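Those protein sequences? They're chains A and B, same order as listed.
If you're matching positions, the first sequence starts at 1 in our numbering and goes up one per residue.
If you're matching positions, the second sequence starts at 1 in our numbering and goes up one per residue.
Hints are computed from structural coordinates only; laboratory data are not their basis.
Straight-line alpha carbon distances no greater than 27 Å define the calculated DSS-like cross-link-like pairs of lysine-lysine that follow:
{"no.": "1", "chain 1": "B", "residue 1": "K90", "chain 2": "A", "residue 2": "K182"}
{"no.": "2", "chain 1": "A", "residue 1": "K90", "chain 2": "B", "residue 2": "K7"}
{"no.": "3", "chain 1": "B", "residue 1": "K90", "chain 2": "B", "residue 2": "K77"}
{"no.": "4", "chain 1": "B", "residue 1": "K192", "chain 2": "B", "residue 2": "K55"}
{"no.": "5", "chain 1": "B", "residue 1": "K182", "chain 2": "A", "residue 2": "K78"}
{"no.": "6", "chain 1": "A", "residue 1": "K7", "chain 2": "B", "residue 2": "K7"}
Among chain A residues calculated to face chain B with C-beta under 8 Å, some are:
{"no.": "7", "residue": "L67"}
{"no.": "8", "residue": "Q68"}
{"no.": "9", "residue": "T69"}
{"no.": "10", "residue": "L71"}
{"no.": "11", "residue": "C92"}
{"no.": "12", "residue": "V120"}
{"no.": "13", "residue": "V124"}
{"no.": "14", "residue": "C125"}
{"no.": "15", "residue": "E144"}
{"no.": "16", "residue": "D147"}
{"no.": "17", "residue": "L169"}
Owing to the predicted nature of the structure, the values given are computational and were not obtained by experimental measurement.
Every residue, glycine too, gets a C-beta built ideally from N, C-alpha and C.
Protein chains: 2
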Amino acid sequence: MHDFTIKEKILSKNDELAGENRVLLRERGVYSINMVSSPGSGKTSVIEKTLEALKGKLEVAVIEGDLQTDLDAQRIKKHGVPVRQITTGKACHLDAHLVGGALDWLFSHPEVRLLIIENVGNMVCPAEYDLGEDAKVLVMSAPEGDDKPLKYPAIFHASDVLLINKTDLIPHTDFSMARARKNALAINPGLKIFETSCVTGEGIDAWVNYLTGEMMTVVP
Amino acid sequence: MHDFTIKEKILSKNDELAGENRVLLRERGVYSINMVSSPGSGKTSVIEKTLEALKGKLEVAVIEGDLQTDLDAQRIKKHGVPVRQITTGKACHLDAHLVGGALDWLFSHPEVRLLIIENVGNMVCPAEYDLGEDAKVLVMSAPEGDDKPLKYPAIFHASDVLLINKTDLIPHTDFSMARARKNALAINPGLKIFETSCVTGEGIDAWVNYLTGEMMTVVP
Numbered sequence: 001m002h003d004f005t006i007k008e009k010i011l012s013k014n015d016e017l018a019g020e021n022r023v024l025l026r027e028r029g030v031y032s033i034n035m036v037s038s039p040g041s042g043k044t045s046v047i048e049k050t051l052e053a054l055k056g057k058l059e060v061a062v063i064e065g066d067l068q069t070d071l072d073a074q075r076i077k078k079h080g081v082p083v084r085q086i087t088t089g090k091a092c093h094l095d096a097h098l099v100g101g102a103l104d105w106l107f108s109h110p111e112v113r114l115l116i117i118e119n120v121g122n123m124v125c126p127a128e129y130d131l132g133e134d135a136k137v138l139v140m141s142a143p144e145g146d147d148k149p150l151k152y153p154a155i156f157h158a159s160d161v162l163l164i165n166k167t168d169l170i171p172h173t174d175f176s177m178a179r180a181r182k183n184a185l186a187i188n189p190g191l192k193i194f195e196t197s198c199v200t201g202e203g204i205d206a207w208v209n210y211l212t213g214e215m216m217t218v219v220p
Numbered sequence: 001m002h003d004f005t006i007k008e009k010i011l012s013k014n015d016e017l018a019g020e021n022r023v024l025l026r027e028r029g030v031y032s033i034n035m036v037s038s039p040g041s042g043k044t045s046v047i048e049k050t051l052e053a054l055k056g057k058l059e060v061a062v063i064e065g066d067l068q069t070d071l072d073a074q075r076i077k078k079h080g081v082p083v084r085q086i087t088t089g090k091a092c093h094l095d096a097h098l099v100g101g102a103l104d105w106l107f108s109h110p111e112v113r114l115l116i117i118e119n120v121g122n123m124v125c126p127a128e129y130d131l132g133e134d135a136k137v138l139v140m141s142a143p144e145g146d147d148k149p150l151k152y153p154a155i156f157h158a159s160d161v162l163l164i165n166k167t168d169l170i171p172h173t174d175f176s177m178a179r180a181r182k183n184a185l186a187i188n189p190g191l192k193i194f195e196t197s198c199v200t201g202e203g204i205d206a207w208v209n210y211l212t213g214e215m216m217t218v219v220p
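Bound conformation, chain A alone:
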């Protein structure tokens, strides 16, 4: 009970800071997404494909959350967009305070209209921490299995969009797209689902079209 109260306080403070981030981002006309997943689902590859699709059309910046290393930030840098590394150490998720600390950096690039935040790979804890984003985008890779929505319901419930990624590997597994969709929608009937592969390119255009469309409704 004692721990729960401490956790409630931490989450309540986080929600407050997330609200401040949201106001600041909106004032600057920046739309933001928080990308969450288990380790190795292909989040960074999806971001790279998204950057390629938006090149020359929209100015994007990326915040990379990792326990350690800037391997992902290095991958993003090659695309010529502003990228900021946040290293969390042992912390298993980004929080609104960490993201808030990167906003001065972000606003020093006034041309940016879309902020992509890549969270730490973790399908549990990031579900509870609002960063101030406009949409939470969950990436689940097909090799993880079609039962994942039932086993990690909180993050499926908290997300707005689900990318079912690495569809190119489905023929080599017992993954059923029908079961995955059914399980995901049972947890969250409002989820927008895209089937993507960074190997074949499947679904990337549909995802990017949706993203830019949503963005226009928030920061026209």
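Go by the hints and put chain B onto chain A.
Relative to chain A, chain B alone:
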């Protein structure tokens, strides 16, 4: 700083309870392993293959840790071994208190010599929580990518054994076993590494032979 102190207290209390679990398990001649991984690495399938290999040779019990659902426990039950479900709700890892609460159940099966604990799928938080186990076994699936040891070093550092699983999918990915091994051993030179596939059966015998050999040195 304040939060850190609270966390230190929680971890210190957990270590104390883990020590008590360890003493009780040792007194009863039970060897135990704590299986950790990201969601969808194939932990449950590895446990099923391990149970098949040990059938008729060794009495095994399984504790299943999940946020919600008893899907994994149902899979294990089919193998005719005692299985206990621990549902953690929103908690992202098992802890020594939760496992301690299952020991009376375990000891009501005095024939059991090996306890397999399947932790919640999470490559971050379980690294810090000793359950009282004799060995921590990390399962990493090849589709997650060969950079995972560098990105989630704490859990690679805390583990005794690494199963690189789903090797059957390697030909369909850019995963390099040489890089994965090099990265894992850079973090933890003492890691015992097995390459496994629950589809082809590769490496399962080697893993089970190692497990029973290690066990004999602890609870002969």
